[in-house]
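Undergrad: Taking the hints into account, I'd like the entire structure generated from these sequences.
Chains P and X are the protein sequences, given in the same order.
Each residue of the first sequence is one higher than the one before, counting from 1 in the numbering used here.
Each residue of the second sequence is one higher than the one before, counting from 1 in the numbering used here.
Watch out, some of these pointers could steer you wrong.
Only some residues are given here: those of chain X computed to face chain P with a beta carbon under 7 Å [what the hints assert, rightly or not]:
no., residue
1, L64
2, V169
3, V180
Derived DEER-like restraints, expressed as beta-carbon distance ranges [stated by the list, open to error]:
no., chain 1, residue 1, chain 2, residue 2, range
4, X, Q255, P, G218, 34 to 42 Å
5, X, Q255, P, V31, 27 to 35 Å
6, P, R48, X, N303, 20 to 28 Å
7, P, T228, X, N43, 51 to 59 Å
8, P, T201, X, G190, 48 to 56 Å
9, X, A14, P, Q256, 27 to 35 Å
10, X, E164, P, D226, 35 to 43 Å
11, P, H91, X, T157, 23 to 31 Å
12, X, E119, P, S20, 22 to 30 Å
13, X, G66, P, S20, 40 to 48 Å
Since the hints were derived computationally from the structure, they do not count as laboratory data.
C-beta: ideal position from N, C-alpha, C; glycine also.
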Amino acid sequence: MNIVVCVKQVPDTWAEKKLSPDDKTVDRESVDGVMNELDEYAVEEALRIKEAQGGEVTVLSMGPDKSVETIRKALSMGADKAVHLVDPALHGSDALATSYALAQALGTIEHDLVLLGVEATDARMSVVAAMLAERLGAAQLTFARKVEVGDGTVRVERLTDSGYDVVEGSTPAVVSVVEKINEPRYPSFKGIMAAKKKPLTTLTVADAGIEADKVGLGGSATEVADVTARPPKQAGQIVKDEGDGGAKLAEFLAQQKFV
Amino acid sequence: MAEVLVLVEHVDGAPKKVTFELLTLARSLGEPAAVFVGNGADNAKDKLAEYGATKIYVAGDGELDGYLVAPKAEVLAQVVQQSSPAAVLIPSTPEGKEVAGRLAVKLDSGVITDAVGVEDGFVAKQSIFGGAFTVSSKVSKGTPIITVRPNSTAPETAPAQPTEEQVSVSLSDAAKKAKVLDRVTEKKGGRPELTEASIVVSGGRGLGEGSNFSLIEKLADTLGAAVGASRAATDAGWYPHTNQVGQTGKTVSPQLYMAIGISGAIQHRAGMQTSKTIVAINKDPEAPIFELVDFGVVGDLFNVVPQLTEEIEKRKS
Chain P
1 MNIVVCVKQV PDTWAEKKLS PDDKTVDRES VDGVMNELDE YAVEEALRIK
51 EAQGGEVTVL SMGPDKSVET IRKALSMGAD KAVHLVDPAL HGSDALATSY
101 ALAQALGTIE HDLVLLGVEA TDARMSVVAA MLAERLGAAQ LTFARKVEVG
151 DGTVRVERLT DSGYDVVEGS TPAVVSVVEK INEPRYPSFK GIMAAKKKPL
201 TTLTVADAGI EADKVGLGGS ATEVADVTAR PPKQAGQIVK DEGDGGAKLA
251 EFLAQQKFV
Chain X
1 MAEVLVLVEH VDGAPKKVTF ELLTLARSLG EPAAVFVGNG ADNAKDKLAE
51 YGATKIYVAG DGELDGYLVA PKAEVLAQVV QQSSPAAVLI PSTPEGKEVA
101 GRLAVKLDSG VITDAVGVED GFVAKQSIFG GAFTVSSKVS KGTPIITVRP
151 NSTAPETAPA QPTEEQVSVS LSDAAKKAKV LDRVTEKKGG RPELTEASIV
201 VSGGRGLGEG SNFSLIEKLA DTLGAAVGAS RAATDAGWYP HTNQVGQTGK
251 TVSPQLYMAI GISGAIQHRA GMQTSKTIVA INKDPEAPIF ELVDFGVVGD
301 LFNVVPQLTE EIEKRKS
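TA: Right under this line is the structure:
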């Protein structure tokens, strides 16, 4: 079973994120980058499937030069090799353009399974997995809280609002995983050392056969017209509980017609 | 006026509230036309008419329910090609967003998710980075596909006499790749769904242990509210992960959000900051959650919450 895990470098989850004033894209320079937290679960799941079934795990990341940090982390966790799709032409790609670029890059890597985290913590759209399945004509097995890989088939438990769906498809399949599907391992010292020697291929837009006018800010199908920082919220009323805090809060809720 | 398509989100034909919100929104932008996929359309029609649908497209073939997401995108693509609508509005739920994504690829159109409003010219308003910025975006290529968060618009009735059109779809092989074998409903209490609820009561680290969530549940039940939890609480195993509100959990935007024993780190704020009214109870007066609140109580939640619950019960009786 050959698996490609897509990982994205995002601004640190706990940092205050900003947009670049000039082109209104996520400012990736002023804050530390980390591997998108939800992708760690995807890497872990890929490694577990490989350990059980054999095969190879390839990391695929699209992003600026800095994304190499995230790729190295996935390699140090145990992935076998990596492909970095990096090109200035890709900057500012929206979901439609990103899914196109990733699908093209996936075309250069042999795979039975594509694994992703369910969303990136910066854009938070959670659409790329579904878009990749559509583009690749592969089975969409997303929001998985459990993944079982059989002989040429993949069965997942898809998390829903009311419980879960059991969904099955044949390979090749695109699987996105939710938080808590597993406990991602920490890279070991040995893993970190080994990662430095693992093959990392760099792909440009041209290498992947991507038409440059279909990606980047210019090739995207959406545009940001305007960004406004939230006006400072008017200070609310804060009371100290003097034995009547609950009653005062109830009074407020009644005034606001919630009770 | 051009049609604005609304994908109906329903359970066995009973439309969810978000469908009525989207029909109300669609009315301000064009002719609202509902697209119903799956079984049970007859149960939905009266309600869709009540909320102003002037047309209902029905793709009622039972086969459509047997596969994940892709059939809905195929039905929508077919209706879009046939009726050239001004835009497609879809509930911003996990599944709705995936339908939107696949549809965008099929139509080579732009997709915007998580809108909290849509204005003239299909300018979508989004609240990003935990509410720190409001972004206005537009689709610049193809038919605008916009997913709109539940609770973004107040649903208003506007009775209409919709015409009905059957849509027959022969699913492509690609749409049949992910087969749904079973749909399992897990313990579902009487509480509303987190993302749809008008009131959400959430508990966090301040509760100290899982069993104390009973305080939160009791308060929630007196208000008919959903129960949420901070990441600290779900990581500690005090409450199911499916109830987590925040950056890696669910995003809610209720009329009233109550944060109890939650400090309000960015991780949590990202999931609740667009709530209309926010109240908090926390013993730390410096807790960042107090920067967001309309009303806050600095105090011990173990005293404040039971008193609050009792007061609400008193006022209700």
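Undergrad: So, for every hint listed, does it hold in this structure?
TA: Hint by hint, here is what the structure shows:
1. L64: violated (15 Å)
2. V169: With a minimum Cβ separation of about 16 Å from chain P (threshold 7 Å), the hint on V169(X) is violated.
3. V180: Given a least distance of 5 Å, the restraint on V180(X) holds.
4. Q255(X) <-> G218(P): 34 to 42 Å: holds (41 Å)
5. Q255(X) <-> V31(P): 27 to 35 Å: holds (33 Å)
6. R48(P) <-> N303(X): 20 to 28 Å: violated (47 Å)
7. T228(P) <-> N43(X): 51 to 59 Å: violated (42 Å)
8. T201(P) <-> G190(X): 48 to 56 Å: At 55 Å between Cβs, range holds.
9. A14(X) <-> Q256(P): 27 to 35 Å: For Q256(P) against A14(X), whose Cβ atoms are near 30 Å apart, the range 27 to 35 Å holds.
10. E164(X) <-> D226(P): 35 to 43 Å: Since the Cβ atoms of E164(X) and D226(P) sit about 40 Å apart, the hinted range of 35 to 43 Å holds.
11. H91(P) <-> T157(X): 23 to 31 Å: Violated: the Cβ-Cβ distance is about 46 Å, outside 23 to 31 Å.
12. E119(X) <-> S20(P): 22 to 30 Å: Hint holds: Cβ distance 24 Å, inside 22 to 30 Å.
13. G66(X) <-> S20(P): 40 to 48 Å: Since the Cβ atoms of G66(X) and S20(P) sit about 45 Å apart, the hinted range of 40 to 48 Å holds.
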